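2 protein chains.
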Amino acid sequence: MSFRKKKGKQTIIFHKPPVIKSWASIVGPKEGEGPWGKYFDKVLPDYLDGQTSWELTETKMLRDAVTMTLEKQAINKDDVDVFLAGDLLNQIISANYAARELAIPFLGLYGACSTMAESMILGAILIDGYFYDQVVAAACSHHYTAQRQFRFPSEQGVQFAPSSQWTATAAGAVLLYNDMSPGIKVTCATVGRVIDKAQKDPNNMGAAMAPAAVDTIKTHFTDLGRTPDYYDLIITGDLGEVGYELAKELFIKEGLPPMENFNDCGVLLFSKKQSDINAGASGCGCSAAMLCGPLLRKMFSEELKKILFVPTGALMSPISTFQGESIPAIAHAVAIELL
Amino acid sequence: MSFRKKKGKQTIIFHKPPVIKSWASIVGPKEGEGPWGKYFDKVLPDYLDGQTSWELTETKMLRDAVTMTLEKQAINKDDVDVFLAGDLLNQIISANYAARELAIPFLGLYGACSTMAESMILGAILIDGYFYDQVVAAACSHHYTAQRQFRFPSEQGVQFAPSSQWTATAAGAVLLYNDMSPGIKVTCATVGRVIDKAQKDPNNMGAAMAPAAVDTIKTHFTDLGRTPDYYDLIITGDLGEVGYELAKELFIKEGLPPMENFNDCGVLLFSKKQSDINAGASGCGCSAAMLCGPLLRKMFSEELKKILFVPTGALMSPISTFQGESIPAIAHAVAIELL
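Chain order of the listed sequences is R and G. Just so you know, we're using the working numbering here: the first sequence kicks off at 1 and counts up by one. Just so you know, we're using the working numbering here: the second sequence kicks off at 1 and counts up by one.
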């Protein structure tokens, strides 16, 4: 009988919570100009960063975020047991090509913008279950690779909808480590279900993702008998302004108490004064870089002691949208605590 | 310290090997006409099976394979702890939309044609590590969705290269179960690294994947101190004829003893008399259906007692190929034994 999750529940409780021993984030120029610029390890000088295509730049960002994470603790990449990562590109090529160069045993993931949570949950499971000792979990996205794959080539100059979100150029990586000494730890996690409320507008992914975020967060509290005030911060992936407001309404509908401590990476990443942002940021890299930049730094300085990190993913594709399908979404919750 | 994997090794040894309690496979008409037709649970009457698009058919195949797997043991889907699955389509829409309808907590994977191994390894980890009790692992592919996404619309009538493989229309699912009683069990697993020998021809994926298969299989034997004759059958995912012959050469080069018990799902799925097969079968569904059809049936009847199942994945995308990248590949090995 499993003892890390009760029957009928979705939340896993780690018995020997893995420590987040190291982390790193890299962002694009626009993200660097935003309110959190100084919290990221590296801001790219431009969107190519010396590469010949945006796709190569995205792969390099992911690989560099992993390398920086390991260098900070003088860890040799050959000592890492497994690399768990994903991105938004077709066939997750950024993660695949980064894994080729890192040469670490690799498990590729696709959870759209929820990928950072998925990689961290599986990483924590691998350590807590006594399978591995050192795991790297990571995710990335690039504005211009996403634009040409999901929307229109940027050169076409199509106008954004007010509810649309700006895909972040960003990567984040963490090193999860088997260590019983005090530190920033992954203490429990709620694996989400796919939720679809029949929203069909791909320019309003926040509205599609909000119900999934609310379902996972409510399940997390119910499973553990916790109230939202247990955490200093409950932060969703990238609902953006529209999804964030909708999530707040849904929390009330679902009978949850008011949450002053609820925020969203998509709302926070950019300043409202920045151009073309519309409803905020999105992309796997948005929540990954917010975690591996400002959030973990604030935990390290003890400004934040307990956070619930809830990246959200919209699970459609251009072809499913074209074929008239609605947008399914998912959210996974990761509890991170200073212990 | 992890005790399910030794430091510096890639192979996990399960302490409480999860049982494959149930399984099901569904294939398309062409696969049904092949030599293993009678071993599959269902052969589709045509490539649409009552749906309005091939993409919807692919999703339905995956969902139906899961439902059949659960029905065989009268398991309620609400009692399944997690669903692990992936496919070849952009943003793994077949798995996402199947997960929406199944409403089981979901972790999406992308390992190209290695996905069935990835899902089974993570599923076995979740059970052996005392996280979950019942996990469904699955993968699927559809010939016509893959053709229009990766190659040319079938209507265009482009001729296949002799080294090209026919993407299988097939789905397979297993129910992994926390059960100490005798049965067909997942006993150990080797997580592969991404290997790239600079092969650039997307019409010859077998040649790109063979080095990855050989690397993982050799590592498996080295890690465990086993020789190939430990297994009744060592079966790779979908190298096809070209990759299979190359793998045999590479085994000799790597100093492994001759393996009479080595075969390949891509070589086996179709008969050589069938039209347009060229070098054999490919697709996530090829190895998934071969496992969840003939192979597990032969283990159930005790014709096979120990197999090493090694699905292989080519990790490129049309855009990476277009940009001149070579094809990285991966293979994961899953040891399945009658205990």
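Do not rely on the hints blindly, as some may be mistaken.
Identical chains share a label here; the pair holds if one copy fits it or two copies do between them.
Derived DSS-like pairs: lysine-lysine, alpha-carbon spacing no greater than 25 angstroms straight-line [claimed, not checked]: (1) Lys-6 <-> Lys-16; (2) Lys-273 <-> Lys-218; (3) Lys-298 <-> Lys-16; (4) Lys-9 <-> Lys-21; (5) Lys-197 <-> Lys-77; (6) Lys-77 <-> Lys-7; (7) Lys-77 <-> Lys-6; (8) Lys-38 <-> Lys-16; (9) Lys-7 <-> Lys-218; (10) Lys-42 <-> Lys-9; (11) Lys-273 <-> Lys-21; (12) Lys-248 <-> Lys-72.
Hint data in this document are derived by calculation from the structure and do not stem from the laboratory. These numbers were taken from a predicted model, which means no experiment stands behind them.
Status of the hints after comparison with the structure:
For the identical chains of this complex, Lys-6 and Lys-16 are neighbours both inside a copy (17 angstroms) and across copies (19 angstroms), given an alpha-carbon limit of 25 angstroms. For a Cα distance limit of 25 angstroms, the shortest separation of Lys-273 from Lys-218 qualifies neither inside one copy, at 33 angstroms, nor across copies, at 56 angstroms. Taking CA atoms no more than 25 angstroms apart as the test, Lys-298 paired with Lys-16 passes inside one copy only; the shortest distance there is 23 angstroms, against 40 angstroms between copies. For a Cα distance limit of 25 angstroms, the shortest separation of Lys-9 from Lys-21 across copies, 22 angstroms, qualifies, whereas the shortest one inside one copy, 29 angstroms, does not.
Proximity of Lys-197 and Lys-77 under a CA criterion of 25 angstroms is satisfied inter-copy only: 21 angstroms between copies versus 43 angstroms inside one chain copy. In this assembly of identical chains, the alpha carbons of Lys-77 and Lys-7 lie at most 25 angstroms apart only when taken from different copies (13 angstroms versus 38 angstroms within one copy). Taking identical chains as interchangeable, the C-alpha atoms of Lys-77 and Lys-6 lie at most 25 angstroms apart only when they sit on different chains, with a minimum of 17 angstroms there against 36 angstroms within one chain. Taking the shortest alpha-carbon separations for Lys-38 and Lys-16, neither the intra-copy value of 33 angstroms nor the inter-copy value of 48 angstroms comes in at or below 25 angstroms.
In this assembly of identical chains, Lys-7 and Lys-218 lie within 25 angstroms of each other by CA distance solely inside one copy; the values are 17 angstroms within and 39 angstroms between copies. Neither within a single protomer nor between protomers do Lys-42 and Lys-9 lie at most 25 angstroms apart by alpha-carbon distance, with minima of 40 angstroms and 33 angstroms respectively. In this assembly of identical chains, the alpha carbons of Lys-273 and Lys-21 never lie at most 25 angstroms apart, being 35 angstroms within a copy and 57 angstroms across copies at closest. For the homomeric pair Lys-248 and Lys-72, neither the shortest alpha-carbon distance inside one copy (38 angstroms) nor that between copies (42 angstroms) is at most 25 angstroms.
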